[in-house]
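All chains should be modelled from the sequences, with the hints used to inform the complete structure.
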Amino acid sequence: MAPAAAIVPATALLTVWAPLHDTLAAAGVLWLACLPWLRRTSRWTAPAHAGWALTVAAGVAYVTAMAQWTITSDVGGLALAGAWVLWLLEVAAFVMLLSYGWEVFDVLGSVRWHRRRAPVQTVAATPDDELPMVSIHVPSHNEPPELLIETLQRLLELDYPAYEVLVIDNNTDDDALCAPVEAFCAAHPERLRFHRLLDWPGFKSGALNYAEEHTDPRAELIAVVDADYQVDPDWLRATVGAFDDPRVAFVQTPQDYRAWSHSQYLRSLYYSYDYFFAVSQPSRDERGAAIFGGTMGLVRRSALRDIGGWDEWCVTEDAELSLRLLQAGWSGHHLDQSYGHGIMPLTFEALKRQRFRWCFGGMQILKRHWRTLLPWSRSTQLTASQRLGYLVGGVQWFGDLLGLLFSFVVMASLLDLAVGGGLAVGRLSGLLLFAAPALIVVGLVRAVAVLKAVGREAGWRDALGAFAIWLSLGWVVSLACVRGLLEPQGVFLRTPKTRGDVSWLQAMRVHWAEMALATLGTVVALAGLVMHPGWVSVGLAALLTPPVLGWLAAPAHSVAALRVDLPASLRRRRDGEGARGWWRSRTAVPVASLAGALGVVALLLGIVQPGSHDAPRSSAAPSLPRRAEQPAPHAGARAHTVPPTPSAGPSRNAATSTSSVPAGQVTTQVPAPVRTAAPSTAAPTTASRPSTSSTSPTSTASAVPTAPARGTGSPTATARPTSPPASPTATPDPSRRPTDRPTPTHR
Numbered sequence: 001m002a003p004a005a006a007i008v009p010a011t012a013l014l015t016v017w018a019p020l021h022d023t024l025a026a027a028g029v030l031w032l033a034c035l036p037w038l039r040r041t042s043r044w045t046a047p048a049h050a051g052w053a054l055t056v057a058a059g060v061a062y063v064t065a066m067a068q069w070t071i072t073s074d075v076g077g078l079a080l081a082g083a084w085v086l087w088l089l090e091v092a093a094f095v096m097l098l099s100y101g102w103e104v105f106d107v108l109g110s111v112r113w114h115r116r117r118a119p120v121q122t123v124a125a126t127p128d129d130e131l132p133m134v135s136i137h138v139p140s141h142n143e144p145p146e147l148l149i150e151t152l153q154r155l156l157e158l159d160y161p162a163y164e165v166l167v168i169d170n171n172t173d174d175d176a177l178c179a180p181v182e183a184f185c186a187a188h189p190e191r192l193r194f195h196r197l198l199d200w201p202g203f204k205s206g207a208l209n210y211a212e213e214h215t216d217p218r219a220e221l222i223a224v225v226d227a228d229y230q231v232d233p234d235w236l237r238a239t240v241g242a243f244d245d246p247r248v249a250f251v252q253t254p255q256d257y258r259a260w261s262h263s264q265y266l267r268s269l270y271y272s273y274d275y276f277f278a279v280s281q282p283s284r285d286e287r288g289a290a291i292f293g294g295t296m297g298l299v300r301r302s303a304l305r306d307i308g309g310w311d312e313w314c315v316t317e318d319a320e321l322s323l324r325l326l327q328a329g330w331s332g333h334h335l336d337q338s339y340g341h342g343i344m345p346l347t348f349e350a351l352k353r354q355r356f357r358w359c360f361g362g363m364q365i366l367k368r369h370w371r372t373l374l375p376w377s378r379s380t381q382l383t384a385s386q387r388l389g390y391l392v393g394g395v396q397w398f399g400d401l402l403g404l405l406f407s408f409v410v411m412a413s414l415l416d417l418a419v420g421g422g423l424a425v426g427r428l429s430g431l432l433l434f435a436a437p438a439l440i441v442v443g444l445v446r447a448v449a450v451l452k453a454v455g456r457e458a459g460w461r462d463a464l465g466a467f468a469i470w471l472s473l474g475w476v477v478s479l480a481c482v483r484g485l486l487e488p489q490g491v492f493l494r495t496p497k498t499r500g501d502v503s504w505l506q507a508m509r510v511h512w513a514e515m516a517l518a519t520l521g522t523v524v525a526l527a528g529l530v531m532h533p534g535w536v537s538v539g540l541a542a543l544l545t546p547p548v549l550g551w552l553a554a555p556a557h558s559v560a561a562l563r564v565d566l567p568a569s570l571r572r573r574r575d576g577e578g579a580r581g582w583w584r585s586r587t588a589v590p591v592a593s594l595a596g597a598l599g600v601v602a603l604l605l606g607i608v609q610p611g612s613h614d615a616p617r618s619s620a621a622p623s624l625p626r627r628a629e630q631p632a633p634h635a636g637a638r639a640h641t642v643p644p645t646p647s648a649g650p651s652r653n654a655a656t657s658t659s660s661v662p663a664g665q666v667t668t669q670v671p672a673p674v675r676t677a678a679p680s681t682a683a684p685t686t687a688s689r690p691s692t693s694s695t696s697p698t699s700t701a702s703a704v705p706t707a708p709a710r711g712t713g714s715p716t717a718t719a720r721p722t723s724p725p726a727s728p729t730a731t732p733d734p735s736r737r738p739t740d741r742p743t744p745t746h747r
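No gaps in the numbering here: position 416 of the sequence shown is 416 in UniProt numbering, and each next residue is one more.
It is worth saying that the hints were derived from the structure and are not from the lab. Even for Gly, the Cβ is constructed at its ideal location relative to N, Cα and C. Don't take each hint at face value.
What follows is a set of in silico ranges between Cβ atoms, one per label pair, in the way DEER data are often shown [stated by the list, open to error]: (1) R258 / L78: 54 to 64 Å; (2) R378 / A568: 53 to 63 Å; (3) E213 / A384: 28 to 38 Å; (4) W370 / L505: 38 to 48 Å; (5) R461 / D336: 17 to 27 Å; (6) P217 / E157: 17 to 27 Å.
If you want it as structure tokens, here you go:
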């Protein structure tokens, strides 16, 4: 039986001549670590069981030991509060490790799947005259007309008898961009209809709500296609069969991309995207917790209406929609086969804005729905697996923020080595030894998991490149986490526009925040290495290397993206990417950034605060009318307002004279505490609790106080128009309620 293999890692103890009872105890612990998950992991291979059991057992043992260490520490006041803050950071790192580890083991170690649908299972089996009608919605905003026309041409070639295409041009002010698309739609009235909206509320979700109200009444399914996608002819025929199950509300196919294989930067970017649909989404789908990703997805129209349509307060309206559908008792499916190819962001600045929006939307969903995701909530029809899937999916966004906090902790430790004698290193030894390296290793494992799961032409360089992309986005994701939790509405990440002939100096100015962090990290690392040479400073500098390289990669990726050789049509799209944001800023530089910085400063000050001296511690067109400013939504309503992929981080190194985890040995008590640098040559001793009288046979008069205490610190609209306009352009009227919609002329 595969779960029995979980005890295999315990046999490694026999190779070091460990007592038999210790080996048996370790095997028992690993077996127990498997038991809570057997209902979900019975389909795993033996190596997957062993790896998961070892991960769970090691993590639980570590956080338990650190909790016991904190409880028995002879500290009080602010120092004790800081110690518990550090323990919470360690728990957060462990939870992050489990969340990423689960999906990697699940995808790479599963020998069978219960919910995965093979392509043949979703192909429509009914005659053509009985197939459900599909309304395809194509929202567009400031898109190059030739790119959108190419998308529409591919949609006209679909091998499906009953469908329509609604093009919703939303808030594009330039008539030159709209006119060619409008003319193309007018030339194909049997399939295409064009609608132009100006100053329309709700941005992309507002446009989709408008499209739903003007969909053909016969349509049973609604599909969403982004303006840059080239769809395969068999897309609809190959997927509508999944809706034969009346409980299925949505089906999502992978988002795939084209024009990337010729550039190493684009290859790395492609595989960084591919992780979600190759690893995360299949694992979530097995638990019934797949998300609706928008483009290349289909949703049952009756289910969409049942829950009130697209919510316009959330900048990631597609993911939020799938959660509400599951809450209402519907189900959804992820399919492995891709049926269309779009264009990835062609500038690194556009990529940062996209990732900021995704993370910000994840925070909005957590803020609005977290109560329904708790295990004891009975207000929705979510299963336990679905609650866990969506809760973990939201929490995973904090991985980059956690890594940033650990980076600051490592910097504080290096700075303390240089000028403060190493007190912080002693107090943070466990964090530096386990939490930060674990996050770095998990990031690398996830990148390699893409290489393994995708199974195409990806190489090691591609996997490492994907890891570098994640690292370079760490700062903007961290910022989005903080702002998403504190900002009441969607905001726009403003990034200066780079020119096609971008220089390194310009790229560094554009990404000044990442450059400032990289400079700070480099200076602190060099200070620690020069002023306190030894293995301790070398180890800390090594932990700081991945985040520093990630920050430096931001301007490097900016230059690389703009130097990619592209066809003329894609060069035009790249030049206009700054004008295609669906949502805009309503706030200046947020107080959240300042609050986060002050929190980090408080953490670092708490780390080095001295404890008691009595005993050692343990450690648009102008002629068209415009939309008036819309009010902010209230908490309970579905307001139509503003709508708008895991990380390396550092650690607590045991480079002082004590081990980071006590092991029950007796240590030397020094008569009076002496603030000294952590030794780099003496053999370390270990301790479970500080002793006031016992003496080690190997101690000397110059021994340093053992088991230093853990540090302190703190971690961190709605109106709708009343009457149809005389022209095909729809403009809202502020006098109507949110549910009212215009009735523009179809084309």
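Structure-based check of all given hints:
{"no.": "1", "hint": "R258 / L78: 54 to 64 Å", "in the structure": "holds (56 Å)"}
{"no.": "2", "hint": "R378 / A568: 53 to 63 Å", "in the structure": "holds (57 Å)"}
{"no.": "3", "hint": "E213 / A384: 28 to 38 Å", "in the structure": "holds (36 Å)"}
{"no.": "4", "hint": "W370 / L505: 38 to 48 Å", "in the structure": "holds (44 Å)"}
{"no.": "5", "hint": "R461 / D336: 17 to 27 Å", "in the structure": "holds (25 Å)"}
{"no.": "6", "hint": "P217 / E157: 17 to 27 Å", "in the structure": "holds (25 Å)"}
Hint compliance for this structure: no hint is broken.
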